[in-house]
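Protein chains: 2
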Amino acid sequence: MPTNATLSRYIPILAWGRHYQRSDLTADLLAGAVVAIMLVPQGVAYAMLAGLPPQVGLYASILPLIMYGIFGTSRTLGVGPVAIVSILVASSVGELAEMGTADYVQLALTLAFLVGVIQVGMGLLRVGFLVNFLSHPVLAGFVNGAALIIGFSQLGYLLGIDIPRMEFAETVAYAVTHASEINFVTLAIGALSIGVLLYFKVVLGGQLERAGVPSAIAIPLTKSAPLLIVLLGTTAVFLFDLHDAVGVDIVGAVPAGLPPLTMPTMELDTWSSLLPTAFIISFVGFVESISIAKSLARKRRRRVHANQELVALGISNLSAAVTGGYSVTGSFSRSVVNYDAGAKTGMASIITAVIIAFTVLFLTPLFYYLPKSLLAAIIMVAVFGLIDIKTFQFSWKYNKEDAFSMIITFFAVLFLGIEKGVLVGVGTALLLFILHTSRPHIAILGRLPNRDIYLNVARYEVTTCDRVLAIRIDQSLYFANIAYLENAVYQLRADCPRMQHFIMSCTAVNSIDTSALETLESLQTSLAEVGITFHLTALKGPVQDRLKRIGFIKRFGVDHVHKTTHEAMVFLGCA
Amino acid sequence: MPTNATLSRYIPILAWGRHYQRSDLTADLLAGAVVAIMLVPQGVAYAMLAGLPPQVGLYASILPLIMYGIFGTSRTLGVGPVAIVSILVASSVGELAEMGTADYVQLALTLAFLVGVIQVGMGLLRVGFLVNFLSHPVLAGFVNGAALIIGFSQLGYLLGIDIPRMEFAETVAYAVTHASEINFVTLAIGALSIGVLLYFKVVLGGQLERAGVPSAIAIPLTKSAPLLIVLLGTTAVFLFDLHDAVGVDIVGAVPAGLPPLTMPTMELDTWSSLLPTAFIISFVGFVESISIAKSLARKRRRRVHANQELVALGISNLSAAVTGGYSVTGSFSRSVVNYDAGAKTGMASIITAVIIAFTVLFLTPLFYYLPKSLLAAIIMVAVFGLIDIKTFQFSWKYNKEDAFSMIITFFAVLFLGIEKGVLVGVGTALLLFILHTSRPHIAILGRLPNRDIYLNVARYEVTTCDRVLAIRIDQSLYFANIAYLENAVYQLRADCPRMQHFIMSCTAVNSIDTSALETLESLQTSLAEVGITFHLTALKGPVQDRLKRIGFIKRFGVDHVHKTTHEAMVFLGCA
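For the protein sequence lines, the chains are A and B, in the order given. Mapping of the first sequence onto my numbering: residues 33 to 607, in sequence order. Mapping of the second sequence onto my numbering: residues 33 to 607, in sequence order.
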């Protein structure tokens with residue numbers, strides 16, 4: 033029987049719910065409401081980005097948020113539709129069905145179901161650590177590429193041109209060659225919306241702060257820009273009859289009522305065509321979510337638990353799949369707002385869900401005249417805000433390999449597509465690490481005068497001894513770098529004709545694989561043939577244990593293995 | 033203008049040719065002849081394995097051997113057709129053309145051309161080190177799988193059943209269900225041949241040695257088994273009319289005359305379908321060749337130069353492509369024989385070529401009645417001799433990851449095919465290395481009494497200090513393992529409530545990437561929030577340089593970076 037502690041580890045609401053206070057509720061109500069103000073227009077806009085009807089974005093913002101409130105370990109994560117996941121849905125489901133059809137919606141919810149299964153599975157198997165293989169530079173390159181693709185995918189809506197789905201660069205070319213078709217009223221609405229959004233985002237916060245407005249008022253105010261333009265834009269289209277008179281594209285009828293109960297498709301064929309994207313959404317969604325959850329939790333000295341987070345996000349996705357929604361994850365912007373607005377617990381997420389439920393029950397008729405160019409503006413401002421140049425600048429200065437994998441990922445996303453792009457990025461980062469380890473740094477060691485410490489002759493004033501050459505290899509020895517070491521040793525032998533003893537210090541050797549071991553043995557033989565003895569020093573405990581287990585130390589010679597380089601030097605009469 | 037030394041580096045014959053002596057020639061003549069004795073039947077047999085007419089195997093044994101003699105840096109490598117490369121040719125060209133057609137032959141020589149281009153290119157670009165990514169266990173797993181596939185591919189010839197090309201397991205099933213079709217005379221020839229080959233291979237050498245026969249006679253004698261059975265088998269089929277009377281399958285007419293001049297197909301479409309296999313042959317062929325070349329050179333204290341070897345093998349393959357041959361590489365068995373028979377220089381290889389040229393000029397009529405089951409026997413004995421169980425036993429005991437990648441490669445070769453198999457193997461080995469580095473060993477350090485040395489508390493009698501926790505992380509810090517370290521530190525903080533200072537010794541940290549650096553900074557902040565200072569010690573020179581370049585050391589605090597753990601302990605008043 034599980035104890036209370038175990039239960040509340042898997043259902044965190046049981047832990048915080050027990051001590052929930054009136055003051056918490058006040059804070060959560062405000063935060064939940066502010067997030068809902070953002071989420072209503074975002075839900076509708078991201079659904080459009082995913083190629084889904086507007087209500088699907090709202091459905092995905094009800095039960096999934098309640099489930100996350102119950103199972104999530106972050107108290108401030110804002111779950112729901114996000115731009116990156118939406119474009120992934122569009123790019124994969126778009127290949128299997130026509131946008132706007134019932135099939136398309138069904139495939140999107142089946143995809144959410146698969147994402148849920150994968151995330152819950154990974155969480156229960158405790159393999160959440162696998163997402164660390166998505167390095168920060170690769171993620172940044174991916175997000176930058178995706179942001180450009182998403183931004184330009186909205187160009188048609190913004191200009192009022194009917195641009196067919198096509199490659200990123202082609203979209204721009206198409207827009208330019210069809211410039212005569214631009215609907216200027218549509219464009220004006222979009223451009224004005226962008227202006228308002230940028231003003232609220234960049235300028236207003238500072239102004240309110242300088243005016244001494246308390247943050248409990250300032251935050252809802254600055255974050256209400258999307259809602260504000262939705263209200264103004266819809267009213268304008270309605271009052272001036274902009275749809276019928278000048279052809280401004282609008283959202284149209286959105287059905288009212290709570291989300292329907294839906295059932296994912298249970299066909300292996302469908303599953304196997306959705307599975308690659310499901311894995312990518314599971315990983316990318318989780319990485320996005322966990323990074324923001326971690327950084328917010330850190331500010332309040334709390335911790336999030338990666339594997340439980342996977343389970344919670346997985347349950348959210350499963351609940352989206354059975355209530356007519358689509359894939360969800362933690363949103364960067366809404367989480368920050370939730371945190372800043374003072375959310376105390378998962379109750380804030382539940383309150384947001386209740387407000388969205390109220391919206392789909394009673395307010396959907398208000399969306400009828402909502403212009404699409406306005407939604408495009410919301411998407412564009414959101415995604416261009418994700419673009420991260422700093423990581424590139426930093427890694428260019430600090431670690432070219434990271435900068436390189438960021439560039440590769442970026443261009444792979446742009447030119448191979450958003451899904452292959454992320455795979456290419458992960459592969460590149462791993463390969464670069466391998467390449468890096470395959471040409472290890474090798475230092476020739478000398479003794480620090482009057483100390484027992486041996487350091488790189490190229491960096492320190494140290495003394496060496498002609499008869500004995502000591503090196504330190506700064507890498508674990510394995511198949512990909514052992515031939516490099518072997519060649520380096522032959523080179524050193526040629527460079528130091530008076531060498532009689534050769535010492536290899538293994539302070540940085542964390543493991544020696546089978547291929548490397550064979551080479552070490554043959555190296556010993558080759559050196560012996562030219563009269564040079566081979567010594568290993570400072571072998572780490574775990575490495576030594578293994579070598580002993582197979583009798584290597586004995587075969588190599590107990591006299592040739594020393595605890596420290598200094599001991600070896602003393603043994604060889606050189607210190 | 034290149035100097036003589038540079039020239040003879042790229043054309044090694046210029047170096048050894050200048051000092052060539054009569055005694056060298058005697059030795060090379062014997063060795064070259066012995067190798068030719070092996071190569072005639074092997075060339076015909078491996079051509080059959082590759083799905084090519086018998087003469088193609090002989091053509092591939094003339095100009096390529098002369099070229100290798102001129103350009104090769106190993107003096108004893110026996111270049112020519114080998115089993116593994118032959119099955120690779122069969123499996124890839126077999127998908128593009130019907131065996132036995134002129135198209136098939138043309139594709140095979142185009143493949144040799146591409147292999148030549150790749151190998152010369154890799155050699156000139158000096159990227160030969162890339163082949164080290166094929167680890168010994170993966171290679172062993174690959175060879176074992178390929179040996180089984182090759183062996184069973186000969187079952188039809190051995191039994192005299194016409195088995196269609198199919199999967200390894202299906203071949204056996206087909207043979208069993210069609211047992212009634214077995215041609216027992218064919219089988220008898222094959223079985224007898226296997227018996228003779230095994231006797232010569234396993235027993236005869238020892239008997240001759242015990243009888244005191246000098247090796248100059250013993251080696252040609254023991255290695256003449258294939259030639260002997262070819263002579264006996266052909267004679268028997270001819271004398272007893274076994275082909276017409278009982279249907280023993282024979283080689284048939286082999287055209288006489290020197291190799292024709294041929295031209296590889298110069299079509300991009302053809303190239304792109306052959307390219308994946310061309311890369312695999314280039315890599316696998318080179319690895320096989322360089323390992324035997326290296327181990328033989330070591331015995332005579334010579335060295336082979338990886339990149340020049342690539343160029344030499346590449347030129348051999350190019351020359352095969354223009355003289356009606358197919359892909360070649362260094363053969364394990366013939367190289368050992370060449371070495372044992374006393375080959376002194378590349379002249380031995382050239383002599384072998386001359387004998388093969390004589391054979392195609394005058395002796396091809398003798399092959400007419402050569403039974404195919406006898407060739408199957410030669411192939412089977414050769415490849416089953418390649419099976420390597422020891423590497424598995426050893427790595428199972430020493431390093432389970434190596435054993436695991438060997439098993440994976442073996443089964444991938446058997447069930448996914450010989451080409452995908454090797455790719456899966458390389459991928460698995462690299463992934464296992466990554467996984468290994470993603471969960472690094474972390475040791476808590478204590479002080480060796482009265483010494484300045486700090487060692488793992490779990491292994492040594494050392495003293496620690498409650499206020500200060502020192503750890504050593506045994507791995508470079510990078511995106512795939514930094515979250516693991518972060519979690520470990522949080523765990524340690526929970527386990528050591530009295531900790532005020534936290535020291536991380538970086539003796540084994542060979543690099544810190546961008547993702548890891550960010551985490552270190554946020555770790556410092558989190559620890560500071562709970563009143564713990566974070567110290568780094570023993571940073572390696574190259575790591576320190578980079579950190580300084582971006583101002584990290586200053587930001588982190590110069591007081592928090594120490595040369596050694598002991599210095600940090602003294603600074604913190606704990607030593």
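Calculated from the structure, these hints are not laboratory results. For glycine and all other residues, C-beta sits at the position ideal for the given N, C-alpha and C. One thing to keep in mind: the hints can contain errors.
[As the list claims (entries may be wrong)] From the structure, some residues in chain A lie toward chain B, with a derived Cβ separation under 8 Å:
| hint | residue |
| --- | --- |
| 1 | 167 |
| 2 | 425 |
| 3 | 427 |
| 4 | 461 |
| 5 | 507 |
| 6 | 515 |
| 7 | 516 |
| 8 | 539 |
| 9 | 553 |
| 10 | 554 |
| 11 | 574 |
(request) Against the earlier hints, flag every one the structure doesn't satisfy and list their numbers going up. (result) 2, 9
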